[in-house]
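For the record, the sequence lines run as chains A and B.
Position 354 of the first sequence, counting from 1, maps to 354 under the numbering used here, and the rest follow consecutively.
Position 85 of the second sequence, counting from 1, maps to 1085 under the numbering used here, and the rest follow consecutively.
It should be emphasised that the hints constitute simulated quantities derived from the structure, not laboratory data.
Predicted, not measured: the structure shown is a model, and the values here were computed from it.
C-beta: ideal position from N, C-alpha, C; glycine also.
Certain hints may be false.
Here chain A is said to cover these stretches of chain B; the calculated rule only asks that three of the stretch's residues, wherever they fall, bring their Cβ under 8 Å from a Cβ of chain A [unchecked claim]: (1) 1076 to 1087; (2) 1317 to 1330.
No farther apart than 25 Å at their CA atoms in a straight line, the calculated lysine to any residue pairs in the SDA-like style are these [unchecked claim]: (3) Lys-59/A / His-1228/B; (4) Lys-340/A / Arg-1315/B; (5) Lys-1284/B / Leu-120/A; (6) Lys-1284/B / Arg-76/A.
One letter stands for each residue in the lines below.
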Amino acid sequence: MTQPPHFVIVGNSVAGIEAAIALRKRDAAARITVISSEHPHPFARTSLMYVFCGQLSLKDTQFYPEDLYDRLRFVRVVGRVRSIDPARRTLHLTGGQTIAYDTLLLAVGSTAKRLPWPGLYDETPMFVHHFVTLEDMRGLDAAARPGMSVAVIGGGLVGIEVAEVLHLRGLRTHFLVREPAYFPIALDSAESEVVAAHIRQHGVDCRTNASVTAYRKEGGRVSLVGTSGPLDRPVDRPLELSVDLVVGAIGVTPATSWLAGSGIAVSPDTGGIETLPNLESTTAPGVFAAGDCAQVTWIDGSRRPEQLWYTARDQGRVAAAAMLGDDVNYRRGTWYNSAKFFDVEYTTAGFIPYSAGSAALESASPGSTSGGTSGCGGWQTWYQHVPGGPVTQRIVVRDGAVKGFNALGSRWDHQVWKRWIAERRPLGWVLAHMNEARFDEELVAPFRILPTATLVDGA
Amino acid sequence: MQSGLMTTYQNPTQNRNGLAWGLSALLMAFYVDLYFTDHLDTVASALHLPSKWTFYGLIYTLAMCIGGWFMLRKHGNSAYHRWRTISLVAVQSVLGFLLPLVLDFLGRPSYYFSYFFPLKYDILFPGTLKDMPVAVACWFVFGSLVGVPTLVYFQGKRAYCSWICGCGGLAETFGDPWRHLSDRSDRAWRIEQVSIYTVLALVLVMLGLVVGDAYAADGSAIRDLAGHTKSFYGFAIGSVFSGVLGTGLYPLMGSRFWCRFGCPMAAILGLIQKFGQFRITVKKDMCISCGNCSAYCEMGIDVRAYAMAGTDIRRASCVGCGLCAHVCPRGVLKLETRAALGPHGKIEVWTLDL
């Protein structure tokens, strides 16, 4: 009788653990080993901000019960993998332990991108923090004391979360956004201004166009020097901030530097593990990758990691099927995502052109609302801001069919939006049916089209 | 807005520590004093109130008003929570306190019109009904057997438990700071199913005995049995379970300890809800497993497991408070009522038998 196969999974966050569960569902006999150094139980990294502020305990964030490993007979190894020998199919742990595998899944996630100022981490290590791993969170938790001042660098989703909880803890919080508007990758200038105003209303000093060019160590503090603010008001542009802490939130990078020289190909641009469509390594047979560390094909054809919770789960499941020999490929369907900026919820689906809405809206003349599909590649943007709160809706249309949705401050079922996009519904039909996609709590006023809604060429 | 919740675990009384135990002991001592001594009658008469029960009603209503104020500060940005909290406080203030007080001052018998069988376990006893004006008796019979069950069929248990009920009202207002302490383990779920249906069986047997007794001859065995059952139920369930433990354990076991493990009304309404039109719809593939919904479910339902599986929630115990949907940072959950049944069922991982 042959021995059952040994599946080894490195990383027990969502991609890794979903793969392990999927493997066990299909193969009752397989040996499944899950290696992690971060925490013995899978926990939701998405809740780090809630653990930091005290809304949840770390245990609350464990999304499977603590006896999952026993129930599904996973072998738990707490440790860090030092190196891989794909030819011999063995792993070496930092403690000297060696583990042999038949099939390996790397779901090692990512770590925070480091701030690019030379010498920063050597000279002022105690001042600089990140907010991606449990260790990051604990470090910041120990350092952040009420009354301190902090600069959060980076205008993305982690940045705004960490700014919110630091502000809640009583730190004077400066939120430095490099771009001219908050989160331009997903929001247009009008939406971005709604969010920025909301952030400021909470008492956080939100600065756009902020560029830090130098830092100085001053006793127990760090002084950041650069420019910020509206480009047309040069008088107010110089930036000089003396802070107790700096939090770098400029993105994440796959935690793959330790793979150098292993024979497992890693993209020089992104650090993601190069994969075939079935998530197997392009260079090391029997090695798969899923989650933040995997280089995958996006719907626009580009190759980069997809650093999202839901896609990590899907990739873990696809990788498990592929590890069992299924003929499967990972395919990302229509894009969707959600986020929360302080109290403002955000839902998006479909194609919202990168940062384009702002330029198009600014250049569009007011008389162009009836302009049909002429010019701007057939793109049109419908937008309205519901007065009295940070509530907006934006729909982009191309050649008469809806392509994408962006909504702030109200809840929407992205699945319905995705269906409408697939069905190539025209804008008029969609606007008439918008309430069918509504997902707000009961007793909330229904969606309606306001007289101030605009339809302009461009997207 | 969640800023009211965001520091939950940093508040010493909300963390099941020594202070919470002390608070729990105080609450229990108060209930023991209320139920088993006449001490509070003297307090009541000093305040020119008719009895200790009026005094209790006053404290109860005040606790709900103050708790309701905090609840509105935390969650009043949501219309659902705003109206639900106002409804609970209004029902308690008017039907649960002022009206009985006024009736009493007028020298009339006072009734609590918002409580029905089997929560108000003696309201359908023939002896109780016989002493009431016909219209009042009709209100309680109709409400218990037709009114509330019909409401719950169409709107879910929440219509009673989270919009009307005085016990639920205290839990949702005064008890709100401890909602995250409900035990979410499978074991607690199993215990809940046994205990709540045991109490339901007990209350139905008791009603049967008491009705039987009304037609039995003097000195028959059923009379003794009915009497013993009544006094046992009144002591063990009415006073100890729902009062001393039900409220006393708020700071340790969460605000819905009685509603979840004991209330026979919740048991019946839960069964109706299971076959009714209420459910919590899950938006598929948007859950980030953060755990806020499960943590703040006062009934100890592992909401996240359903949200992760993309499975609509139809659980007998759900009182439809709506906090899971409100605290979800991705808007994944939606309370709704619909005639057509969507797919729903068990959570996959738990049913894996490997």
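Violated hints - listed by number, lowest first
Of the numbered hints given earlier, those the structure breaks are 3, 4, 5 and 6, listed in rising order.
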